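Note that the protein sequences, when read in sequence, are chains Z and S. Residues in the first sequence are numbered from 1 upward in steps of one, following our numbering. Residues in the second sequence are numbered from 1 upward in steps of one, following our numbering.
Honestly, the hints are just simulated from the structure, not real lab data. Keep in mind it's a predicted model, so treat the numbers as computed, not measured. C-beta atoms are modelled at their ideal positions from N, C-alpha and C, and glycine is treated no differently. No false leads were slipped in.
Here are the simulated DSS-like cross-link-like pairs (lysine-lysine), alpha carbons at most 30 Å apart as the crow flies:
hint: 1; chain 1: S; residue 1: K399; chain 2: Z; residue 2: K280
hint: 2; chain 1: S; residue 1: K129; chain 2: Z; residue 2: K399
hint: 3; chain 1: Z; residue 1: K197; chain 2: S; residue 2: K152
hint: 4; chain 1: S; residue 1: K197; chain 2: Z; residue 2: K215
hint: 5; chain 1: S; residue 1: K411; chain 2: Z; residue 2: K212
hint: 6; chain 1: Z; residue 1: K234; chain 2: S; residue 2: K129
hint: 7; chain 1: S; residue 1: K430; chain 2: S; residue 2: K364
hint: 8; chain 1: S; residue 1: K197; chain 2: Z; residue 2: K411
Label pairs and their calculated CB-CB ranges:
hint: 9; chain 1: Z; residue 1: D243; chain 2: S; residue 2: A465; range: 25 to 35 Å
hint: 10; chain 1: Z; residue 1: K314; chain 2: S; residue 2: A218; range: 40 to 50 Å
hint: 11; chain 1: Z; residue 1: T440; chain 2: S; residue 2: G44; range: 35 to 45 Å
hint: 12; chain 1: Z; residue 1: T419; chain 2: S; residue 2: E200; range: 29 to 39 Å
hint: 13; chain 1: Z; residue 1: A236; chain 2: S; residue 2: N339; range: 37 to 47 Å
hint: 14; chain 1: S; residue 1: D209; chain 2: Z; residue 2: T192; range: 28 to 38 Å
hint: 15; chain 1: Z; residue 1: K314; chain 2: S; residue 2: K364; range: 48 to 58 Å
hint: 16; chain 1: Z; residue 1: K469; chain 2: S; residue 2: Q429; range: 47 to 57 Å
hint: 17; chain 1: Z; residue 1: T470; chain 2: S; residue 2: D209; range: 22 to 32 Å
hint: 18; chain 1: Z; residue 1: L190; chain 2: S; residue 2: F350; range: 35 to 45 Å
hint: 19; chain 1: S; residue 1: V242; chain 2: Z; residue 2: D243; range: 33 to 43 Å
hint: 20; chain 1: S; residue 1: S512; chain 2: Z; residue 2: K398; range: 32 to 42 Å
hint: 21; chain 1: S; residue 1: A91; chain 2: Z; residue 2: R78; range: 46 to 56 Å
hint: 22; chain 1: S; residue 1: Q425; chain 2: Z; residue 2: R78; range: 55 to 65 Å
Here are some, though not all, of the chain Z residues that point toward chain S, as calculated from beta-carbon distances under 8 Å:
hint: 23; residue: H120
hint: 24; residue: K129
hint: 25; residue: N142
hint: 26; residue: E143
hint: 27; residue: R163
hint: 28; residue: M169
hint: 29; residue: K179
hint: 30; residue: D194
hint: 31; residue: V198
hint: 32; residue: A218
hint: 33; residue: R219
hint: 34; residue: P226
hint: 35; residue: Q265
hint: 36; residue: M266
hint: 37; residue: L476
hint: 38; residue: S505
Number of protein chains: 2
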Amino acid sequence: MSRRSFLARSAALGAGAYPAMLALNLLPAAPAHAFDLQPGSGQGKHIIILGAGLAGMTAAYELTKLGYRCTILEARTRTGGRCWSIRNGTAAAETTNAAQTAHFDNGLYFNAGPSRIPHHHQLTMHYCKELGVPLEVYNNVNENTYYYAEGKGPLSNKKVRAREVHNDMRGYMSELLAKAVDQHQVNTGLTTEDADKVLEYLRAEGGLDIDKLYKASARRGYLEAPGAGEKAGKLANPHKLVDIISSGLLDPDFYNVAEYSYELQMTMFQAAGGMDQIAKALEKRVAASLQLGAEVTAIQNQPEGVKVIYKDQKGTHELLGDLCICTLPLPVLSNVNHNFSADVSRAIDFVPYIQTGKIGLQFKRRFWEEDEQIFGGITHTNNELTQIFYPSYDYLSKKGILLGYYNFNEKAKKVGDLTYAERQQLALQKGALIHPQYPTEFEQAFSVSWQKQPYSLGGWALYGADDRKTHYRALLKPDKNVYFAGEHTTYLTAWMAGAFESARSVTAAVHSRLSDQHTIYPTTGTN
Amino acid sequence: MSRRSFLARSAALGAGAYPAMLALNLLPAAPAHAFDLQPGSGQGKHIIILGAGLAGMTAAYELTKLGYRCTILEARTRTGGRCWSIRNGTAAAETTNAAQTAHFDNGLYFNAGPSRIPHHHQLTMHYCKELGVPLEVYNNVNENTYYYAEGKGPLSNKKVRAREVHNDMRGYMSELLAKAVDQHQVNTGLTTEDADKVLEYLRAEGGLDIDKLYKASARRGYLEAPGAGEKAGKLANPHKLVDIISSGLLDPDFYNVAEYSYELQMTMFQAAGGMDQIAKALEKRVAASLQLGAEVTAIQNQPEGVKVIYKDQKGTHELLGDLCICTLPLPVLSNVNHNFSADVSRAIDFVPYIQTGKIGLQFKRRFWEEDEQIFGGITHTNNELTQIFYPSYDYLSKKGILLGYYNFNEKAKKVGDLTYAERQQLALQKGALIHPQYPTEFEQAFSVSWQKQPYSLGGWALYGADDRKTHYRALLKPDKNVYFAGEHTTYLTAWMAGAFESARSVTAAVHSRLSDQHTIYPTTGTN
Chain Z
1 MSRRSFLARS AALGAGAYPA MLALNLLPAA PAHAFDLQPG SGQGKHIIIL
51 GAGLAGMTAA YELTKLGYRC TILEARTRTG GRCWSIRNGT AAAETTNAAQ
101 TAHFDNGLYF NAGPSRIPHH HQLTMHYCKE LGVPLEVYNN VNENTYYYAE
151 GKGPLSNKKV RAREVHNDMR GYMSELLAKA VDQHQVNTGL TTEDADKVLE
201 YLRAEGGLDI DKLYKASARR GYLEAPGAGE KAGKLANPHK LVDIISSGLL
251 DPDFYNVAEY SYELQMTMFQ AAGGMDQIAK ALEKRVAASL QLGAEVTAIQ
301 NQPEGVKVIY KDQKGTHELL GDLCICTLPL PVLSNVNHNF SADVSRAIDF
351 VPYIQTGKIG LQFKRRFWEE DEQIFGGITH TNNELTQIFY PSYDYLSKKG
401 ILLGYYNFNE KAKKVGDLTY AERQQLALQK GALIHPQYPT EFEQAFSVSW
451 QKQPYSLGGW ALYGADDRKT HYRALLKPDK NVYFAGEHTT YLTAWMAGAF
501 ESARSVTAAV HSRLSDQHTI YPTTGTN
Chain S
1 MSRRSFLARS AALGAGAYPA MLALNLLPAA PAHAFDLQPG SGQGKHIIIL
51 GAGLAGMTAA YELTKLGYRC TILEARTRTG GRCWSIRNGT AAAETTNAAQ
101 TAHFDNGLYF NAGPSRIPHH HQLTMHYCKE LGVPLEVYNN VNENTYYYAE
151 GKGPLSNKKV RAREVHNDMR GYMSELLAKA VDQHQVNTGL TTEDADKVLE
201 YLRAEGGLDI DKLYKASARR GYLEAPGAGE KAGKLANPHK LVDIISSGLL
251 DPDFYNVAEY SYELQMTMFQ AAGGMDQIAK ALEKRVAASL QLGAEVTAIQ
301 NQPEGVKVIY KDQKGTHELL GDLCICTLPL PVLSNVNHNF SADVSRAIDF
351 VPYIQTGKIG LQFKRRFWEE DEQIFGGITH TNNELTQIFY PSYDYLSKKG
401 ILLGYYNFNE KAKKVGDLTY AERQQLALQK GALIHPQYPT EFEQAFSVSW
451 QKQPYSLGGW ALYGADDRKT HYRALLKPDK NVYFAGEHTT YLTAWMAGAF
501 ESARSVTAAV HSRLSDQHTI YPTTGTN
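Make the full structure from the sequences, and use the hints.
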């Protein structure tokens with residue numbers, strides 16, 4: 001295989017092959033994620049794309065490049081789907097709540113859907129670059145945020161800085177293990193010399209003293225900061241291990257959200273000015289194909305092609321296409337008439353979606369920065385709020401919107417079942433336990449409950465291991481002339497990368513089927 | 001004590017008292033770090049300030065507000081001292097190397113001196129805000145950078161992603177400790193119930209499986225990334241613990257630089273456009289007091305006031321002042337005539353300064369981002385380079401400058417003793433072991449060896465515990481009419497915060513002495 005064909009193939013495969021390329025030291029001369037399919041004889045054929053989220057618009061964008069005629073039907077009067085930023089004037093209703101309108105100050109926003117881009121989601125990064133969407137760091141890791149446990153332990157109902165818990169736990173665990181290794185209480189399987197190196201590592205990792213004990217450590221911050229002259233800084237004693245435990249700070253409420261996970265490791269990015277800038281940039285490229293306010297009511301495979309019935313302000317319409325790409329979230333698709341196979345139908349009806357919600361709270365002062373030196377990052381709590389996200393933009397400016405909660409599952413269901421006013425009240429009341437500045441500084445709120453958003457009806461697909469073998473697989477093949485795409489057709493559920501990867505995958509499949517060009521990737525050519 | 005007087009006192013004390021204020025829930029109505037000294041009868045008195053670094057300029061800025069007449073003598077033809085960004089046209093000589101000029105592209109720069117602002121350095125943040133210097137996140141933590149050990153182990157002479165070492169070590173250590181706790185091989189002093197919670201914590205912390213064993217984990221990245229369709233992602237096996245050890249990846253070369261330290265924990269910031277923007281903003285405020293190109297040769301305490309002798313292009317001059325604030329780095333001051341006390345004189349001559357150097361390498365392509373998905377952060381190596389810093393600005397743009405090395409002590413001495421060309425050659429040769437793109441993409445270099453920079457002669461003061469009791473204390477009191485300031489008069493050596501804190505401290509001391517206002521902080525007043 002020539003270098004060029006290797007690269008072309010890798011690009012077509014998406015991000016997955018990239019580490020392999022690096023391993024082979026095949027550093028690309030062309031942009032890493034150029035999608036170089038060659039136009040074929042399918043040009044002019046009509047592809048109906050359902051949903052103008054990132055997956056649908058990306059598929060339309062790529063297929064249009066290849067000469068296909070695309071129509072995107074989007075039920076909402078906006079594009080982007082879950083890639084949605086709430087700003088002044090944003091108006092939306094929920095299934096059980098009437099429309100609300102956001103009254104945030106100009107320039108302020110929050111991302112109701114995806115808010116973070118991992119650096120290794122290369123297709124997301126690629127499209128931001130290709131579409132000219134500027135990125136900025138999303139500061140996901142911040143040791144100065146809080147753990148706040150409602151409960152009965154001595155550290156409960158207090159805000160404890162993340163750095164205190166992190167370093168105390170590392171310290172105590174390293175001390176315990178160092179003792180066990182030192183006294184040969186645990187079999188490391190190492191030589192004495194290597195065990196000594198592990199001991200030195202534990203001392204460094206845990207911030208232990210010369211006797212390998214964990215005592216006061218600057219890593220967990222100061223009672224009184226060091227400064228000029230005689231101000232050497234005053235350290236506090238670590239929290240007691242039993243206090244950390246009995247206050248619930250080791251509970252899954254806190255440790256299931258570890259920033260160790262691959263997707264949440266720094267470096268992370270966000271689109272400057274709101275994640276919806278990605279959707280808006282795509283929208284510009286596919287404007288000619290786009291029909292907003294067009295709600296699909298039926299999808300019918302025909303002997304040749306596909307028929308889609310949709311309604312808009314003018315009435316009900318039929319649209320005929322050669323092929324269809326359906327990116328509708330499964331709970332939405334479940335309410336659409338179709339003649340799909342039993343396997344596909346079951347997948348549509350039975351794959352569960354996460355319940356999740358966010359509230360944006362605008363404050364007239366960035367007290368979390370001014371008073372508490374919290375710049376970005378996440379405070380974790382075991383109450384309904386689950387997480388408070390501090391904004392990673394406009395640091396040190398006057399006003400700001402923070403995410404008053406970002407919760408999931410049972411907690412999100414409970415909060416989602418409230419009215420907007422009740423959600424706001426809950427966010428303010430529980431938030432004030434952590435930030436007493438809330439009552440005096442609060443200005444505006446806007447909440448989103450994804451399971452109640454028409455045309456979404458959930459956060460993202462939640463596959464169990466069994467579902468991946470059954471329902472998931474059913475959606476990977478086309479049902480006759482209908483292809484499925486969207487985050488739910490990937491192993492990157494919940495991420496924008498899932499939309500992009502699925503769009504590429506479905507584009508390649510559609511093109512391969514409609515084009516007479518049997519060899520998509522030329523294997524000849526100069527290198 | 002009234003709330004207002006508490007706040008005024010806290011502000012004067014600097015950042016140290018701030019956590020206490022928070023603890024007392026005294027959230028300030030006024031800006032946290034307003035420096036509200038009241039003008040006194042000292043107005044118009046003449047303060048001679050030696051050095052136009054951040055400490056000297058900040059002292060002049062604050063004293064001028066109080067009505068003093070300041071003269072800043074600065075030997076260099078620029079302000080900022082070690083707060084220095086290298087950009088196109090920057091020209092400078094070293095003590096043993098003739099002048100070099102930087103030929104970087106416009107808009108590209110690197111910070112030769114301080115490059116990071118911890119979020120808890122509140123005075124630094126305060127002055128950036130007050131002076132209108134925009135800040136942006138300095139992305140100090142990046143799990144996608146490398147560990148590169150020159151050596152003989154199986155992981156030597158290879159680039160290993162930081163996330164692999166971090167997660168493998170957390171995994172192995174958690175597994176070992178979980179085993180010891182589970183089998184009661186180590187005395188935790190905990191109840192069974194609490195020990196079970198620790199076991200669950202270890203499972204979460206180490207990414208252990210259900211049997212509390214560390215196996216393949218997505219936290220350490222994928223061999224093949226997950227994607228659309230059947231691409232579930234392929235995990236690699238962890239590195240073997242013995243391989244990590246024998247390859248030197250637990251050596252202090254790697255673990256002394258832990259990002260766990262309080263000063264290097266995220267969130268970190270940098271001044272947008274170069275750290276010298278802070279110096280330039282201060283320079284504007286003190287321009288009327290500033291004499292550049294004025295090299296001090298003698299400082300003489302007089303029965304009344306102080307006499308400073310300096311030379312400039314026009315010749316030698318005498319300047320008389322009521323008081324003097326000397327911010328010259330000690331190795332520089334050591335070459336100036338003075339009539340200080342024996343204690344002060346010894347401190348000036350004997351406090352060691354760190355040897356440290358950086359090289360900025362401009363590349364025509366940001367290959368570390370495009371090919372290797374490294375956005376900011378630091379690669380660590382045990383060779384002379386010590387660290388490679390990737391830029392935290394202009395992500396995804398065309399060109400970039402990375403720090404080819406940032407080293408200290410013996411390694412910095414060795415590299416500093418080379419010519420500019422030899423340093424460049426070393427940086428390129430060693431750097432190419434990690435980034436084979438170096439030879440084809442390299443364009444320009446500029447290196448700085450701080451111990452060879454005239455008027456600096458070192459990186460920062462390196463006090464041992466004993467020095468803090470003797471030499472350090474000698475510099476905290478004025479020597480008759482001469483006060484000392486700069487990072488070397490603080491417990492924040494090496495940080496810009498040291499300059500700011502010392503400037504405030506010396507301003508308060510000078511003002512207290514010259515003003516007839518015995519109570520600086522009014523204890524009456526409305527709250």
